[in-house]
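J.: Sequence:
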Amino acid sequence: MQLLDLDLGVLYQVLDKLNFPCLVCLGSSCAFLHNAIFRGPSATILWKARCEQELGPSVVAVHAHAAAGASATARHWVGLLRASLELEDVWWWGEGAAALMSSCSQVPGGKAPKCGFTDAAASGLARTGHTATTVGTCVVVIGGHVSGGPSFLDVLVVHLDTLRIARPVVHGAAPTARIGHATAVVAPPPGSHLAALVAAAVGPARTPAAGAVLAVFGGCSPGGTPFGGHRLEVLWVANDGSEAAWLHVLTSGRLPHPCMCHSADAFNGGRSMVVCGGTIGRLSMSLADATHMLDVGALVWYGCNTGAFHGVPDGRPSCSGDNSREPRNRTLHLTAVRRSPTTGREELVVRASAARVSPRWLLVTGGSSEEGTFLDDVQRLDMNTLKWAPPPRVGGRSCPPAMRRTAGHSLAGLCAFGGCMPAPHGILPIVRTDLLLLGRSPWEQGVPADAAYSCQGRSRRQSAQRLCGAPLG
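Note that my numbering gives residue 457 to position 457 of the sequence shown, counting from 1, and the numbers run on in steps of one.
One should not assume that every hint holds.
As a list, the in silico DMTMM-like pairs of lysine to aspartate or glutamate whose alpha-carbon atoms are at most 20 Å apart [as the list claims (entries may be wrong)]:
{"no.": "1", "residue 1": "Lys17", "residue 2": "Glu54"}
{"no.": "2", "residue 1": "Lys387", "residue 2": "Glu52"}
{"no.": "3", "residue 1": "Lys48", "residue 2": "Asp16"}
{"no.": "4", "residue 1": "Lys17", "residue 2": "Glu52"}
{"no.": "5", "residue 1": "Lys48", "residue 2": "Glu86"}
Across the chosen pairs, the derived CB separations fall in these ranges [unchecked claim]:
{"no.": "6", "residue 1": "Lys17", "residue 2": "Asn384", "range": "17 to 27 Å"}
{"no.": "7", "residue 1": "Arg397", "residue 2": "Gly253", "range": "23 to 33 Å"}
{"no.": "8", "residue 1": "Glu88", "residue 2": "Arg254", "range": "36 to 46 Å"}
{"no.": "9", "residue 1": "Ser42", "residue 2": "Ser252", "range": "13 to 23 Å"}
{"no.": "10", "residue 1": "Ala298", "residue 2": "Ala209", "range": "12 to 22 Å"}
Note that these hints are calculated values from the structure, not bench results.
Note that CB positions come from ideal geometry on N, CA and C, so glycine has one too.
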């Protein structure tokens with residue numbers, strides 16, 4: 001049986017298994033497959049699902065809103081995938097940022113969840129030193145330095161599918177307010193001790209599978225008291241961001257020191273969590289001595305003997321620092337998990353102020369330089385080679401202009417949230433809700449959003465070459 005003999009339903013099941021270049025090449029082979037792959041509602045579903053697999057539901061949700069001026073057809077999602085391959089262009093979406101900012105007036109304040117407020121600052125949205133984690137189409141913001149904020153660790157949810165900010169209904173006793181903590185999405189194995197604790201905290205009305213489990217470790221109180229050691233805070237968040245539940249668990253094993261400004265990442269499909277670096281008081285810790293892995297199911301910590309690397313290979317990645325035999329002590333960093341192109345094993349990459357966009361790219365926005373200058377640039381790191389690529393072209397501008405140069409913000413789901421600015425008496429937490437999108441701004445191109453990557457006026461073969469970014473043999 002040939003491909004053209006298949007029923008359409010079966011054909012789309014086959015197409016769903018093909019990678020991006022193969023799909024584009026197949027679509028250039030004949031008119032029937034071109035229409036099946038690039039036109040119609042089934043093609044739109046196919047490419048949108050592919051975008052969700054590669055980029056995540058949160059990135060897809062915000063790009064669907066950006067295409068609201070035109071229908072988000074298959075061409076739109078093909079264009080998004082094409083833009084994510086090389087990441088040569090990004091743009092700040094001012095209208096989306098304004099929509100998020102306008103929703104701030106509907107968010108209850110942190111001190112009194114059931115009471116309204118008169119301005120965004122009173123809502124406790126202005127913050128820095130928080131964590132932001134994507135759960136489905138939501139970005140879950142936890143804690144941080146909030147001027148006049150609550151005494152407990154508050155939770156905000158940025159809904160990228162509806163462009164609004166809300167506070168979920170939170171069950172359980174919230175932990176003490178803190179800054180400089182780290183959060184990772186973990187997956188307790190069925191039947192494990194943590195899975196049972198989460199099920200009990202969620203209650204019979206919901207199932208744990210209807211949400212995500214976030215592990216929160218470390219940080220310090222506004223008064224400087226460090227957290228960590230054997231205590232781990234766990235937050236279950238519903239996939240729609242409407243509800244959350246806190247639970248406090250005790251761990252054992254080789255415990256990490258109470259610390260702040262460290263990083264946390266999930267490994268092994270969320271069954272393990274790695275905590276790396278950070279500070280104890282005013283002392284930053286060596287990565288060789290301050291890297292610990294938590295067995296999520298057993299809630300047992302293990303010390304990681306990271307050791308020293310031997311020799312410096314030719315073409316040393318530009319992001320790996322100096323030629324010392326061990327990484328330097330560090331704090332206020334961020335880590336990302338990548339799969340090694342050579343061994344296929346998971347590896348931890350240490351960088352600062354970055355957000356994972358796709359399996360290949362890490363984006364860095366803003367931050368503070370060694371001279372103390374607050375920045376507003378965008379940089380990109382190739383996760384396959386661990387080399388910095390030339391900065392992408394940046395279209396649009398963040399909104400409002402006064403908040404372009406910030407540090408201490410988060411970029412989960414391509415939503416730049418919170419942060420701080422220089423002030424006469426130190427730093428000032430700000431309310432920031434910028435959205436960074438992939439590709440070129442359609443208004444800068446003078447074409448409708450859906451046609452930003454259109455190949456109209458070209459042959460199907462030329463279209464495939466343009467979409468794949470390389471000549472076809």
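J.: Now look at each hint and say whether the structure bears it out.
T.: These are the hints, each one checked on the structure:
no.	hint	verdict
1	Lys17 / Glu54	13 Å, holds
2	Lys387 / Glu52	26 Å, violated
3	Lys48 / Asp16	11 Å, holds
4	Lys17 / Glu52	14 Å, holds
5	Lys48 / Glu86	19 Å, holds
6	Lys17 / Asn384: 17 to 27 Å	23 Å, holds
7	Arg397 / Gly253: 23 to 33 Å	49 Å, violated
8	Glu88 / Arg254: 36 to 46 Å	45 Å, holds
9	Ser42 / Ser252: 13 to 23 Å	52 Å, violated
10	Ala298 / Ala209: 12 to 22 Å	21 Å, holds
Hints 2, 7 and 9 from the earlier list are contradicted by this structure; the remaining hints agree with it.
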